[in-house]
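**Q** Sequence:
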Amino acid sequence: APGQVYVALSRLRSLNGLTLRTRIDPSVVSTDRDVMAFSAKQHTQPPLNEQLKEQQRQYLHAILTSTFDLGDLLRKVSFVRKDHVEVNEFEEESMRSALSLLDEALRSEETNTRVFQDQLVRLLHADDREQVMARIAKGAAYYGELLQERMKELLKHIAQVEQLSRTKEYASGLREIDGSLMKKIDMIGRVEYVARCILNGEEIKRRPDVERAFSERRTGMIDEVKEWATAHPVNASNRTGRKRTRKGDGGIFTAEAKSVRKAAKGETYAKTYQLLREGRDLAAAAAERGLTMGTIEGHAAKGIAAGEVEIDTVLDHVIREAIADHIRKHPDHGTKEVRTHFGDAYSYGQIHMVQAWLGRQGASTEA
Numbered sequence: 001a002p003g004q005v006y007v008a009l010s011r012l013r014s015l016n017g018l019t020l021r022t023r024i025d026p027s028v029v030s031t032d033r034d035v036m037a038f039s040a041k042q043h044t045q046p047p048l049n050e051q052l053k054e055q056q057r058q059y060l061h062a063i064l065t066s067t068f069d070l071g072d073l074l075r076k077v078s079f080v081r082k083d084h085v086e087v088n089e090f091e092e093e094s095m096r097s098a099l100s101l102l103d104e105a106l107r108s109e110e111t112n113t114r115v116f117q118d119q120l121v122r123l124l125h126a127d128d129r130e131q132v133m134a135r136i137a138k139g140a141a142y143y144g145e146l147l148q149e150r151m152k153e154l155l156k157h158i159a160q161v162e163q164l165s166r167t168k169e170y171a172s173g174l175r176e177i178d179g180s181l182m183k184k185i186d187m188i189g190r191v192e193y194v195a196r197c198i199l200n201g202e203e204i205k206r207r208p209d210v211e212r213a214f215s216e217r218r219t220g221m222i223d224e225v226k227e228w229a230t231a232h233p234v235n236a237s238n239r240t241g242r243k244r245t246r247k248g249d250g251g252i253f254t255a256e257a258k259s260v261r262k263a264a265k266g267e268t269y270a271k272t273y274q275l276l277r278e279g280r281d282l283a284a285a286a287a288e289r290g291l292t293m294g295t296i297e298g299h300a301a302k303g304i305a306a307g308e309v310e311i312d313t314v315l316d317h318v319i320r321e322a323i324a325d326h327i328r329k330h331p332d333h334g335t336k337e338v339r340t341h342f343g344d345a346y347s348y349g350q351i352h353m354v355q356a357w358l359g360r361q362g363a364s365t366e367a
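Residues 1 to 367 in this note's numbering are what the sequence shown lists, from first letter to last.
Think of the hints as simulated: they come from the structure by calculation, not from any bench. As the structure is a prediction and not an experimental result, all values here were calculated from the model. There could be a bad hint or two in this list.
When the alpha-carbon atoms are kept at most 20 Å apart in a straight line, the in silico SDA-like pairs for lysine to any residue are as follows [what the hints assert, rightly or not]:
#1 Lys82 x Asp178
#2 Lys82 x Lys168
#3 Lys226 x Glu216
#4 Lys138 x Ala126
#5 Lys329 x Glu310
#6 Lys152 x Asp127
#7 Lys168 x Phe253
#8 Lys156 x Asp103
#9 Lys168 x Arg96
#10 Lys336 x His232
#11 Lys183 x Thr292
#12 Lys82 x Ile63
#13 Lys329 x Leu358
#14 Lys226 x Met95
#15 Lys76 x Leu123
#16 Lys76 x Lys168
#17 Lys226 x Phe214
#18 Lys156 x Ile63
#19 Lys183 x Leu164
#20 Lys152 x Tyr142
#21 Lys183 x Ile63
#22 Lys53 x Val194
#23 Lys168 x Lys271
#24 Lys82 x Lys205
#25 Lys76 x Lys226
#26 Lys53 x Leu124
#27 Lys138 x Leu123
#28 Lys53 x Met133
#29 Lys271 x Thr254
#30 Lys82 x Ser66
#31 Lys76 x Met95
#32 Lys336 x Gly359
#33 Lys152 x Met221
#34 Lys226 x Tyr142
#35 Lys76 x Glu169
#36 Lys156 x Lys53
#37 Lys76 x Gln148
What follows is a set of in silico ranges between Cβ atoms, one per label pair, in the way DEER data are often shown [to be verified]:
#38 Asp128 x Arg207: 33 to 39 Å
#39 Glu91 x Gln274: 41 to 47 Å
#40 Arg196 x Ser165: 48 to 54 Å
For each residue, glycine too, the CB sits at the ideal point set by N, CA and C.
Use the sequences and the hints to build the structure in full.
**A** As structure tokens, this is what we get:
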């Protein structure tokens, strides 16, 4: 009977040792409805290479939409804000508004993100690979820089919060947001390579050099924020009951965490100094180290202050003198005031470099 033949064949695990006394009539097997339906697919399905191409397109679509999606980050920020209303007790307005500013910055990108995702989907459907890769590269550069800036601001907030008592749970929530930001930045940093591999049918491999650059960039940012936090101590009085504490509790900037990374302190700056001494300009040093231009400019400013970097090798003398002239005429102006005066003409990093240069000149004159 057809059913018996089908059951007998379906139970086979191997054809080794199987002997048929008589031939099985193909019509007996084909009368089973499930077998017939399965066999019919063989004639209706597209060729395997077309199926593979379609599945690759769907997989790439899923990767791109998830990579360039800020929804998870927004939800994480929203949960932390909702669960920790005690932030209103902070004395400094900048600390009270830190998370709301992060939320606003991310939400302001929602429309742009949807438009960008739609563009990628249309290009994928049109199989315009060249334009797909071009848009991915631009998107990765834009969102990577945006989220790096947001992460740095978040780290500043974490650095201040970790100085206070009775903020352990809130600090933990902030570190979860930081972890989500790191994951998103890592995804964005990899997406161009992953997309190229999928489109070209190549194996996706680990890239230790990229991972190392990401780690160094993170370390450099943490070092910068540490210096910033030292220069901007938290204003905490007895009125709020929030006194400073230096107990290590597994935080990013606590003493316990600091001791773990003590050996690496200054290493990231030394690498940049060496590249600049070898004749790289700031853009080349940033590209070689996988760091943002702002981070490298910060390294250069620190090197100028320490006498490790000559300002003329990293900053055009016209820009240097323009900034220096304003600072000399307005010695009471800080970085923010100088930046406001010039607008977007010069970056914070360039201003810091000139400030470091002038500071070193003043120290030399006094000596």
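**Q** Where does the structure disagree with the numbered hints, that is, which hint numbers, in rising order?
**A** 5, 6, 12, 15, 18, 19, 23, 24, 25, 29, 30, 34, 36 and 38
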